[in-house]
Amino acid sequence: MKRNLTEALSDFLFEYETPRQVLVKNKQVGIVCRLIQLFVLAYIIGWVFIYEKGYQVSDTAISSVLTKMKGVGYTKVNDTERVWDVSDYVFPEQGDSSFVVMTNYILTLGQKQGKCPSLPGRHNCTSDKDCKEGEHKRTGHGKMTGKCLDETKTCEIFAWCPVENDHVIPDPPAMMSAENYTLFIKNSITFPQFRVVRSNLVEGVDSNYIRQCVYDKISDPFCPIFRLGDIVTMSGFTFPQIAIQGGAIGILIDWTCDLDWHVRHCRPVYNFHGLYGNGLDADETKASVGYNFRYAKYYMEDSEEKRTLTKVFGIRIDILVRGLARKFDIIPTLTAIGSGVGIFGVATVVCDLVLLHLLHQKDFYKNMKFKYTTMKEEVSVMQNEMEKNSAKE
Amino acid sequence: MKRNLTEALSDFLFEYETPRQVLVKNKQVGIVCRLIQLFVLAYIIGWVFIYEKGYQVSDTAISSVLTKMKGVGYTKVNDTERVWDVSDYVFPEQGDSSFVVMTNYILTLGQKQGKCPSLPGRHNCTSDKDCKEGEHKRTGHGKMTGKCLDETKTCEIFAWCPVENDHVIPDPPAMMSAENYTLFIKNSITFPQFRVVRSNLVEGVDSNYIRQCVYDKISDPFCPIFRLGDIVTMSGFTFPQIAIQGGAIGILIDWTCDLDWHVRHCRPVYNFHGLYGNGLDADETKASVGYNFRYAKYYMEDSEEKRTLTKVFGIRIDILVRGLARKFDIIPTLTAIGSGVGIFGVATVVCDLVLLHLLHQKDFYKNMKFKYTTMKEEVSVMQNEMEKNSAKE
Amino acid sequence: MKRNLTEALSDFLFEYETPRQVLVKNKQVGIVCRLIQLFVLAYIIGWVFIYEKGYQVSDTAISSVLTKMKGVGYTKVNDTERVWDVSDYVFPEQGDSSFVVMTNYILTLGQKQGKCPSLPGRHNCTSDKDCKEGEHKRTGHGKMTGKCLDETKTCEIFAWCPVENDHVIPDPPAMMSAENYTLFIKNSITFPQFRVVRSNLVEGVDSNYIRQCVYDKISDPFCPIFRLGDIVTMSGFTFPQIAIQGGAIGILIDWTCDLDWHVRHCRPVYNFHGLYGNGLDADETKASVGYNFRYAKYYMEDSEEKRTLTKVFGIRIDILVRGLARKFDIIPTLTAIGSGVGIFGVATVVCDLVLLHLLHQKDFYKNMKFKYTTMKEEVSVMQNEMEKNSAKE
Numbered sequence: 001m002k003r004n005l006t007e008a009l010s011d012f013l014f015e016y017e018t019p020r021q022v023l024v025k026n027k028q029v030g031i032v033c034r035l036i037q038l039f040v041l042a043y044i045i046g047w048v049f050i051y052e053k054g055y056q057v058s059d060t061a062i063s064s065v066l067t068k069m070k071g072v073g074y075t076k077v078n079d080t081e082r083v084w085d086v087s088d089y090v091f092p093e094q095g096d097s098s099f100v101v102m103t104n105y106i107l108t109l110g111q112k113q114g115k116c117p118s119l120p121g122r123h124n125c126t127s128d129k130d131c132k133e134g135e136h137k138r139t140g141h142g143k144m145t146g147k148c149l150d151e152t153k154t155c156e157i158f159a160w161c162p163v164e165n166d167h168v169i170p171d172p173p174a175m176m177s178a179e180n181y182t183l184f185i186k187n188s189i190t191f192p193q194f195r196v197v198r199s200n201l202v203e204g205v206d207s208n209y210i211r212q213c214v215y216d217k218i219s220d221p222f223c224p225i226f227r228l229g230d231i232v233t234m235s236g237f238t239f240p241q242i243a244i245q246g247g248a249i250g251i252l253i254d255w256t257c258d259l260d261w262h263v264r265h266c267r268p269v270y271n272f273h274g275l276y277g278n279g280l281d282a283d284e285t286k287a288s289v290g291y292n293f294r295y296a297k298y299y300m301e302d303s304e305e306k307r308t309l310t311k312v313f314g315i316r317i318d319i320l321v322r323g324l325a326r327k328f329d330i331i332p333t334l335t336a337i338g339s340g341v342g343i344f345g346v347a348t349v350v351c352d353l354v355l356l357h358l359l360h361q362k363d364f365y366k367n368m369k370f371k372y373t374t375m376k377e378e379v380s381v382m383q384n385e386m387e388k389n390s391a392k393e
Numbered sequence: 001m002k003r004n005l006t007e008a009l010s011d012f013l014f015e016y017e018t019p020r021q022v023l024v025k026n027k028q029v030g031i032v033c034r035l036i037q038l039f040v041l042a043y044i045i046g047w048v049f050i051y052e053k054g055y056q057v058s059d060t061a062i063s064s065v066l067t068k069m070k071g072v073g074y075t076k077v078n079d080t081e082r083v084w085d086v087s088d089y090v091f092p093e094q095g096d097s098s099f100v101v102m103t104n105y106i107l108t109l110g111q112k113q114g115k116c117p118s119l120p121g122r123h124n125c126t127s128d129k130d131c132k133e134g135e136h137k138r139t140g141h142g143k144m145t146g147k148c149l150d151e152t153k154t155c156e157i158f159a160w161c162p163v164e165n166d167h168v169i170p171d172p173p174a175m176m177s178a179e180n181y182t183l184f185i186k187n188s189i190t191f192p193q194f195r196v197v198r199s200n201l202v203e204g205v206d207s208n209y210i211r212q213c214v215y216d217k218i219s220d221p222f223c224p225i226f227r228l229g230d231i232v233t234m235s236g237f238t239f240p241q242i243a244i245q246g247g248a249i250g251i252l253i254d255w256t257c258d259l260d261w262h263v264r265h266c267r268p269v270y271n272f273h274g275l276y277g278n279g280l281d282a283d284e285t286k287a288s289v290g291y292n293f294r295y296a297k298y299y300m301e302d303s304e305e306k307r308t309l310t311k312v313f314g315i316r317i318d319i320l321v322r323g324l325a326r327k328f329d330i331i332p333t334l335t336a337i338g339s340g341v342g343i344f345g346v347a348t349v350v351c352d353l354v355l356l357h358l359l360h361q362k363d364f365y366k367n368m369k370f371k372y373t374t375m376k377e378e379v380s381v382m383q384n385e386m387e388k389n390s391a392k393e
Numbered sequence: 001m002k003r004n005l006t007e008a009l010s011d012f013l014f015e016y017e018t019p020r021q022v023l024v025k026n027k028q029v030g031i032v033c034r035l036i037q038l039f040v041l042a043y044i045i046g047w048v049f050i051y052e053k054g055y056q057v058s059d060t061a062i063s064s065v066l067t068k069m070k071g072v073g074y075t076k077v078n079d080t081e082r083v084w085d086v087s088d089y090v091f092p093e094q095g096d097s098s099f100v101v102m103t104n105y106i107l108t109l110g111q112k113q114g115k116c117p118s119l120p121g122r123h124n125c126t127s128d129k130d131c132k133e134g135e136h137k138r139t140g141h142g143k144m145t146g147k148c149l150d151e152t153k154t155c156e157i158f159a160w161c162p163v164e165n166d167h168v169i170p171d172p173p174a175m176m177s178a179e180n181y182t183l184f185i186k187n188s189i190t191f192p193q194f195r196v197v198r199s200n201l202v203e204g205v206d207s208n209y210i211r212q213c214v215y216d217k218i219s220d221p222f223c224p225i226f227r228l229g230d231i232v233t234m235s236g237f238t239f240p241q242i243a244i245q246g247g248a249i250g251i252l253i254d255w256t257c258d259l260d261w262h263v264r265h266c267r268p269v270y271n272f273h274g275l276y277g278n279g280l281d282a283d284e285t286k287a288s289v290g291y292n293f294r295y296a297k298y299y300m301e302d303s304e305e306k307r308t309l310t311k312v313f314g315i316r317i318d319i320l321v322r323g324l325a326r327k328f329d330i331i332p333t334l335t336a337i338g339s340g341v342g343i344f345g346v347a348t349v350v351c352d353l354v355l356l357h358l359l360h361q362k363d364f365y366k367n368m369k370f371k372y373t374t375m376k377e378e379v380s381v382m383q384n385e386m387e388k389n390s391a392k393e
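Protein chains in written order, with this note's numbering: chain S, 1 to 393; chain W, 1 to 393; chain U, 1 to 393.
Relax, there's no trap hidden among the hints.
Treat identical chains as interchangeable: a pair holds within one or across any two.
In silico EDC-like pairs for lysine to aspartate or glutamate, Cα to Cα no more than 16 Å straight-line: (1) Lys311 <-> Asp88; (2) Lys327 <-> Asp258; (3) Lys53 <-> Asp329; (4) Lys53 <-> Asp260; (5) Lys76 <-> Asp171; (6) Lys362 <-> Asp352; (7) Lys371 <-> Glu17; (8) Lys297 <-> Glu164; (9) Lys115 <-> Asp150; (10) Lys297 <-> Asp88; (11) Lys115 <-> Glu135; (12) Lys366 <-> Glu17; (13) Lys25 <-> Asp11.
In case anyone wonders, no lab produced these hints; they're calculated from the structure. Predicted, not measured: the structure shown is a model, and the values here were computed from it.
Only chain S is shown next, with the shape it has when bound in the complex (with noise of 0.2 Å):
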C-alpha cells in the first residue's frame, strides 16, 4: 500500500499533462484565428495594460485643506468710508477648507427685542382681526401680537427690531474691489496604502516664488496663489454678476499620481467650477440663486442687548480635493494576464465554431477533433486495447 502511493506520488511528480491538438493547415481558418487571437493580445497589452494600466493598484488620498485670504476692500455708503480687512470679510475667520467672501451685504443697525410693524408685503392688515396674536410665519421674524398697525397697514410683531428690509439689494455691490483678494491655498495628501505625502508646494514652489506669483492655468499653474477675479472668471461667472446675490465656487484639486514614477511628478490640477448653476443652465438656477446668510454682531449698550444684523451675500468656495494614486503591484497584473487568458479561451471558441460549423470540410474537421466514445460496443474492444497498453508497460 505504502509502496503504492509513492508510486502514485512520483508517477504524478515526473509526469506531466499537455492536450493534444489538431494543427490545422487551412489559410482561411488560420487567418481567422490569427487575426482574433492578435486582436485579443492586442487589447489585453494595449488597452489593459498600457492604456488603463490594469498592472496598478490604486489608493485614494486623505487630505487637509489650510486657506488664507489677503486684501483690502473698500465701501463709501451713504459718505460714509469704510475699509474692510479679512476680519471683516471672511467667515469663518481660521481658514477652512470652505469659507465665504463677503461681496455685498444689507446692514440692519441697533435692533434688540421689541415690537414693531412687520415688514409691507408680509402680515398686512386692515384691522386687528387680520393679525392672530401668538401666530407667527416659518418665514417671518416675529411672532404677531394681534395689533394691526395703521402707519405701514402691517400687523405688529414681537421681534428683532426695527425688521431687516431686504427687499432692495444694493447694486453694483457694495464691495468690488473683492475682485483683487488673493486667496493662498495649503493642502497636504495622504496615501495611507503607499505611505506618500505630499503638499501643494511642489518642488520649486518656495518662498520666493510665492511672494510674487498668481496662479495662471498656463504660465503658473502650480502657484497656490489665487486672485478672486480670476476664481470667478474661470469658474464660468462674471465678477460683477455673482458679487450682487452671491455664489458658490468649488476648486476642485485634482492628485491623479502614478506612483511608478519619481513622487515629484504627483502635482495638483486646479479646476473650478460654479455649483448649482452658473448662470448659463437656467433649469437648475431658477430653483435658487444666489448664496447668502445672516450674522449678528451683539453689544450691550445702555444696559441692553443690541445687535447689528449683517445680510452678508457673498462668494461660498469649497476647496474639494480628489486624490487618486496608482502603483505597479503582482496582484492585479496576474488577475489582468489570468483573465487575459481566459477570454484567448473564448477566441478558441469562436475559432472552433468557426471550423466546425462554417467551413465546407467542417466534418473533416470534427472528425480530426473529437474522438467519439459510444459505450457498449467499444467499452469492450477498448478494454482490451488497454490490457494490451498496461501490459506494454
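The hints should help you fit chains W and U onto chain S, whose structure is shown.
Chains W and U only, in chain S's frame:
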C-alpha cells in the same frame, strides 16, 4: 535561412491549433457536466452581469453642501420673553454641511476676569490648606488663589466670574419651538470620471415646488426642505428627549446612480440616523450623552471686558454625502467574461474528476483521454513513425 | 426535422467533451511543470486568498466627528493676569473635526476706522509724492491718503487704526499651559454596504474609563481623550517650538476592519502627523511656516464701532477618518478562482514551451501532441476514414 523564416511565418499564420477532445457519450457524466456548466453560465450571466452589474466601472462622487435654516423661536424665562432668529440659534452661521441648532441653553451673564468662589462640589474646603495656590483641575474653571471662602465652603478661584453653574439643565427645554424650524439643503455632486454633475434640486423641483413642499419619505422624497421635528423622529429620537441635552444626527444623502440610464434617474435618497446612540442601544450611549458646547459673546462695559457665556445644548446635524455611479465599460466586461471562462475551466476539472475517478468505466475513459509516453522504449518506435509521417508530407 | 432537433438536444445533453491529453513521463519536464504549477497554486492560495484576502469585497466608511477641548489657560502679560477657557481659545467653538487651539497671540486693542501712519517698513516715504492717494498694497492694511507723516516717515493710511504691529511674535509663547489641555474625540463611522455602524467608544470604553483615562499608544490605545502636548510630540514637533508660530497637525483615525470576524474587532487606530512639514524636512517648511489667522471682536464704545483684533497663532488640528471594511463575498472569490485557473493556463503554456522547444526529444513530443492536417491530399484519405468510422457506429 530567409526562406525558412518566411515559411515558418506563413506556417504560423495559416495554421490553427485546436485541442483534440473526447466526446464522451455517457448519460450520467453528460447530465452532471451540463448541469455544472449551466450553473456556471447562470452564475456568470445572472449574478455577475445582471445582479452585480459586473460590466460596469464605478466612480465615487465629490460633493459640496449648503444649508439654510428658517424659523423663529420663542422663549419665556422668568417672564422675559425673547425671540430667536437664525443668527441666534445656528452655529456656525454661514450654512455649512455640519452645524448646530440650539434647543436649550444655560446663560451666565456679565462674566469678567476676577476672583470668586468655585462651585460647590468641586474644590470643597474647610480651611485655606485645602486650596493650594496656583493649582487647578483639568475640568475646573480656574486657578485657586489659596483662600477658602466661609460662605460657600469652597476654594476661591481666579476665573471668569461668576462661575457657570450647569448642574441643572432646563427641563422642559427652552426652545421646543425648534421642532418647526425647517432646513433647506443644497447638494451638488460631481462624478469626475464620468463628467457628470448633479444637484439635489432634480428635475421637477423648481422654485414653485420648493416654496411650499416639505420632505416626506413617500409623498415628497425629492423636496429639499426638511422639518427639524421630522428629522429627529426619522432618526429614532423623540424631540423633547433630544432637545434637553442635545444630540447628533447624520443625514446621509445617498446617490447610487446607474449612468447607463438617463442621467435624470440619478437622484438622491435621504437617510436619517442618530450618531453615537439614539437612546435605544443603551451601551454606547452611557459613555457620553448629549451634545453641547460653550460660546461667549464679548462686550465692553465701563471699559472692562465682559462676556455672556452660553452653554448651548443642541441638535448637531452632519450632512454626509455618499455618491457611487456605475457605467458600462469594456474592461470589467471582458475581465468578467475572461474570469467566467476560467471558472468554466474549473467546471471541466470537476467533470474530469467524476469521469476519471468515480465512474465504473474510468479506466476506459482514462485510456481515451490520455496518451501515455514512456521514454526509452517508445522513442525509437515513435521516431520511426515520425519519419514516416514527414516522408508522407 | 423535429426529430433531428430533439436528437441533437439529447446528444448535446448526454455527451461531454473533455480534452485529450498526452501524459508525458519525463522527469525533467514533470518536475519543472509541477514546480511551476505548485508556485501558481501557492500564489493563488497564499497570496491572493490568505495575504490579500481576495475573497472579500471592500467598502469605505462615511464618518462624523465631534470634538471637545477641556482645560484652562493662564497668561501674565505686563502684570495683567488672565484666565482663558475653552470659549476663549478654541475656534470654532462648536466642536468640529477641524479646529484651532490658540497658543500665542498678538492683541491690538481699540481699533477703529480712521487715519493713522502705516507701519515702518511698508509705505516708507520722504515726501507726500511717495504716497499716491487711493493706492494700496495687496498685503497692506489700508488705502493711502496721500500724506507723508514726519514722525514715522511712513505714509498715512485710511484703515482700522492703530495698525497691528506683528513684527515681534511673543517668545516664549503666551500660553504654554495649552500643553495640558485635553481633547475628547467622538467618531462615528458607517459602512453603508455592510450596514455596520461603529463608534470610537468601543466595547470597554465606558463613562468610568473615560473619566480618568488619557490616550497612550501602548497602555490606552482606545481612550478617546488626548493630551495636547502628547499629540504635538507624537506628530514630530516639540511643544515650545510649535506654540510660538503655530502649526497644523493631522490626527488620522484608521478603521481597517475585517468584518468576517466579530464586529467588536473593528477598532480605530490613531495616527498623528504634522501637516506641511514638521520642522525636520526643511525644504517644504520654508515656503510657509506656522499657522495663524486674525479675528476681531467688535464692540460699541461711545456710539462708535471699535474692535479688538487678535492675531491668533495656534495648533490647527484636522481629524481625518479613513475607514475600510472587507467582508467575504462570492463574486471576488469566484473571480479570483477563475483568474487563477487562467494563470494555470499560463503555466501550461510555459511548460509546453520547455517541452516542445528546449528538450532533446522535442520532435517526439511535438508528434505526440499535435496531429497535422494538410488539406488537399489528406481530405480524401480522411473522408474515407470518416465514412468507415460512421459505418462502424
